[in-house]
Structure formats: C-alpha cells, structure tokens
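Trainee: Line by line, the protein sequences give chains A and B.
Using numbering that gives the first Met the number 0, you'd call the opening residue of the first sequence number 0 and step up by one each time.
Using numbering that gives the first Met the number 0, you'd call the opening residue of the second sequence number 0 and step up by one each time.
If you are wondering where the hints come from, they were derived from the structure by calculation, not from laboratory data.
Check the hints yourself; a few may be wrong.
Copies of the same chain look alike in the list, so a pair counts if it works inside one copy or between any two.
Think about it this way: if two alpha-carbon atoms lie no more than 25 Å apart in a straight line, the pair counts; the simulated DSS-like pairs of lysine-lysine are [stated by the list, open to error]:
1. K139 with K158
2. K11 with K171
3. K26 with K69
4. K26 with K108
5. K158 with K11
6. K108 with K139
7. K26 with K43
8. K158 with K43
9. K11 with K69
10. K158 with K171
11. K158 with K12
12. K69 with K108
13. K171 with K139
Number of protein chains: 2
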Amino acid sequence: MTHSEITQAILKKQSFLCIGLDVDLEKIPPHLLAEEDPIFAFNKAIIDATHHLAVAYKPNTAFYESYGLKGWRSLERTIEYLNDKHPEIFTIADAKRGDIGNTSSRYAKAFFEHMGFDSVTVAPYMGRDSVEPFLAFENKHTILLALTSNGGAFDFQTKQVEDQALFQSVIKTAMTYDHSDRLMFVVGATKDEYLAQVRALVPHAFLLVPGVGAQGGDLAAVCRHGMNESVGLLVNSSRAIIYASQGHDFAQAAANAAQQMQQQMHQILTERGSR
Amino acid sequence: MTHSEITQAILKKQSFLCIGLDVDLEKIPPHLLAEEDPIFAFNKAIIDATHHLAVAYKPNTAFYESYGLKGWRSLERTIEYLNDKHPEIFTIADAKRGDIGNTSSRYAKAFFEHMGFDSVTVAPYMGRDSVEPFLAFENKHTILLALTSNGGAFDFQTKQVEDQALFQSVIKTAMTYDHSDRLMFVVGATKDEYLAQVRALVPHAFLLVPGVGAQGGDLAAVCRHGMNESVGLLVNSSRAIIYASQGHDFAQAAANAAQQMQQQMHQILTERGSR
C-alpha cells in the first residue's frame, strides 16, 4: 500500500483512526470463550463493526504470543481476514522487532511475506543494519519507534545526544538509511509538545500516534502539532474502543466508540479543509 | 535457575558456551527436510550431540517466526525438549522484545510462563516500564541489549549521552530498576575494547557475548576483558557450530566445533584456576 493510497482512504472515510487489536481473553466478552477461536471471533466482530470507521488495524503481537501456538494462529487468521475482506485497510504488526541483519530479514519475512502485513513496528537501538532489512521490502512500511507513549520513554529517548534528543537523532539517522521513504515513526500522543519537533524533522512521513484514549492523549493537540498537508497521521486507540463493553453488545459498543473518534477526526479534517 | 547454578554448570562442564539455535531450512542438512518437523529434528540432534559441551542454548525467535505457525510449534517443541531432557541447561529466548508495561508483561508471560524459558533478551529503548515486567519474574533473567555485535551498534549505542556512551547509560539506568539483580547484558564480542567498561559497571552480572565465530570475535580477548571472579560470561556461537556440516554427519560436526570451543574455554578456566 502506498502513502497516497493511505491518504485517499483517510479522506474517503474522514478518519485516520487505527484500532489496536490487543486481545486479552480476560477482557473480551465471556460468551466468546465458548467459540473455537475466541480471539479471532472477537477480532472478526470488532473488524466487521468498525472497518468503515478506521483506516488501519494494529494487532500487538505480544497479546497473541502469550497464548502460544493458539494465539499465533489467531493472529494469522486475523491478518488473513483483513487482507481477504478489507484489502483497503492498512495493517500494522505491532511487534517492535529489530536484530542483526540476517535476523531482521527473518522478522521482515515473517511479517511482510508470511503473514502479509503492510507494516511492522521496529525498535531502533541496533541501528542501520537492524532496520534496513525491513526497508528493503517494496510497498511495505517500517514504523520506527521514535518517542513512545510510556513513562520509560524519558529514560533514554529524550536524553541529549550531542545537541539533540535521542529520538531526534534516531529520526535523523534513520532518514539516511536506504529506502527511508518507507519509514514511518511512532510518536506518543502523551507528549504532544514533541510532535511538532518530529514533524519538523520529517515533514512527509506518516506518524503513528499511540496513547490517545486509555493512555490520556488529546486528539486535537496531536493534530495541531503532528498533521502535515496530506494528514500524515494514524492515531491509534486500543482499549477505549475494543473493550467499550464486555456484554453481548461489545461490537456495537466498539463501533460507537470508534464513531466518536471518527467524528472528531471528521471535524478536524473539515476545519482544515481536507474533505 | 540461579546465578550460582549457572556458575556451577560452567565449572562442571568447563564451558561457558551458549549455542545459538538459529535454524534456517536452507542451511540444515537436506535429508532432514523429509522429517515431519525438520526444525525440531535438527535442534534435537544438535542438542543431543552437544549438551555436555554447552551450558546454554539460545533459539533466536526470528528464525522460527519466519516459518509461521509451523516454526512457532518447532520452537515450543525445542524448549519443551530442553526443559524435559536437560533441565540443567540455561535457556535463552533471543527475542529482543520490549513494549509498554502491560504489553511487556505479555511477552514475559509468553516466554517465561507459557514456554518456560529461563531468560529472554530485551531491547532497552522504551525504558523502565518496558523492562521491569520481565524483571518481576522470580528465578528468571532479563538479558538487556547493551552493546550489540553488529555495525549498526555505532548508530546510537556508542553515542555520547551526557558524559558517557548510551550503552553505559543503559546499563547504569537499568541497574536502578526493580529486581536489577535479575539482569544480564548483551555485549558483542566484536567490540572487546568495550567489554572492560561494561564489566567495570556491572562486576557481578552475567554478560551474554554474541559475535564469537562467524561474526569474528576473539574468545581470549573476550575473557581477558569480560570475565569476573565467578566467570560471569556466556559466549554464544551459532552458525560456526550448527552449520559445521550440511551432511549426514552434521550433529557430529557440530559436536566437534563445540568441543573446540569448550577446549579453549577449559584452557582459559584452567589458566585462571577455575576448575
């Protein structure tokens, strides 16, 4: 999927919402536990109810891995369902991988080829040869952690390296990697004061913004600081949408929560004339 | 497994060798491809032939993930086999995970509880709340990336942050985390000039040293700079051992390669009086 296809979907749906599929068997409606594959059943229902309101889905691999083989199978069924039924959706494997070159190639193969995700999140600590194997895939996107939404982000990411913060050094350095046009960056919504700094460094890149909703980020502030002329934002919400209800109405409740976000996004896009 | 149990195994086997199980179906002996589970068949043969020469095995999850469900199943069978047949072996999930708190908890659960690994490698970029969920597990070990063995390590890890290199800041900061006594650190053998700096910061921690063998690191130099009074090293070799032969003699060839390493280690331990 190209940048311009993502932008077209955003303008068409008037939404830059990404829904995080962080499925926890203790939080999904109990009646689904009787299903043969409760995780996939949950995801399918959420996707069916919200796909017209979101442009991207982001399963976090940790939740699936914690259920072992069964969980991995649910992840594969979920991405297969998304690719089959909703090929216009941008898919993100939130895996935060990264290793030496030959190993990163394996991860890239796992997520891009084997499972067919459009993108994967990657940790930058190991540098160029840990990131470029992901960037080598045409029409795929590598979403590099720049500034994350958690408290621990201040341990290293905001520390001064030479005359800039580490997250700025990460972005600038990564933009020198081969195929850096295939990079996107994770920038947490809980730190909207940094969003403008990131946007200044990468005026054209998509930013994936977690932390709106359960983690407390403010959508309007994110847009004020992070939008570019072709929107350039994917704002993720996970728990606030998928766990809006634990009852039989969970899918409808998720759709309602997603619609609230979409309506706020529509209003913001309208105000800036992106219809 | 406690530090002192690992040290006892090292002294008993006169080896601090860790064998990396980075299984690539294109590199294993072709005759194994007829097996129902070639990856597990390969690992089992390697483990059977080398377990008396090594104190640790380290499957790199990327290789397994790249084969999807089938690969994940081979990984589960491999760790199950190690835990059943060789409970004295220290097991490392080389997964390089790390995410926000509730998500890191999931990864910790996946590797420590579901699969029963003794340890997992973790990337430090997201800071305290991405690492502590791993450290919360008693009798488990979190092996934090400090200085990796690849070229990209110089992109960020050796950059000056305040008055020290980032990898030094990572180690010092991590040592303030809860249960930091459960930390070990990855320090690449290709940069033995840094090993002494790391050892000075963490005199008692185990260091996992990749990069000996195929990546060119020198064992004697690693030991000179990295050993502490209870050895404190796990030196990994992957390709040089497991791909020593692609013929029917592959397991014996792996054992021979492992034995060469073990003999060098035995000599080093003898010279410093650790028998």
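Trainee: Taking 25 Å as the upper bound on the Cα-Cα distance, should K69 and K108 be classified as within, between, both, or neither?
Mentor: The answer is both: 21 Å in one copy and 14 Å across copies each meet 25 Å.
Trainee: Using 25 Å as the alpha carbon limit, work out where K26 and K69 are close: within a copy, between copies, both or neither.
Mentor: within (17 Å within a copy, 28 Å between copies)
Trainee: Within a copy, between copies, both or neither: where do K108 and K139 come within 25 Å Cα-Cα?
Mentor: Intra 11 Å, inter 30 Å, cutoff 25 Å: intra-copy only.
Trainee: Regarding K158 and K43, is the shortest C-alpha distance of 25 Å or less found within a copy, between copies, in both, or in neither?
Mentor: Result: close neither inside a copy nor across copies, 41 Å intra and 45 Å inter.
Trainee: Between the shortest in-copy and the shortest cross-copy C-alpha distance, which are at most 25 Å for K171 and K139: within, between, both, or neither?
Mentor: Only inside one copy: K171 and K139 sit 20 Å apart there, 37 Å across copies, limit 25 Å.
Trainee: Is the C-alpha distance from K26 to K43 at most 25 Å within one copy, between copies, in both cases, or in neither?
Mentor: within (16 Å within a copy, 38 Å between copies)
Trainee: State whether the alpha carbon distance between K26 and K108 is at most 25 Å within one copy, between copies, both, or neither.
Mentor: Answer is between; shortest inter-copy Cα gap is 17 Å, intra-copy 31 Å.
Trainee: First find the shortest C-alpha distance between K11 and K171 inside one copy, then the shortest across copies, and answer within, between, both or neither for a cut-off of 25 Å.
Mentor: Classified as neither: same-chain Cα gap 32 Å, cross-chain 49 Å, threshold 25 Å.
Trainee: Measure nothing new, just compare the shortest in-copy and cross-copy C-alpha distances for K158 and K171 to 25 Å and report within, between, both or neither.
Mentor: both (15 Å within a copy, 14 Å between copies)
Trainee: Could you place K158 and K12 in one of the four classes (within, between, both, neither) given a Cα distance threshold of 25 Å?
Mentor: neither (39 Å within a copy, 43 Å between copies)
Trainee: Using 25 Å as the alpha-carbon threshold, which applies to K158 and K11: within, between, both, or neither?
Mentor: Neither. Shortest intra-copy (40 Å) and inter-copy (44 Å) distances fail the 25 Å Cα cut-off.
Trainee: How would you classify K139 and K158 at a CA-CA limit of 25 Å: within, between, both, or neither?
Mentor: Intra 31 Å, inter 30 Å, cutoff 25 Å: neither.
The structure shown violates the earlier hints numbered 1, 2, 5, 8, 9 and 11.
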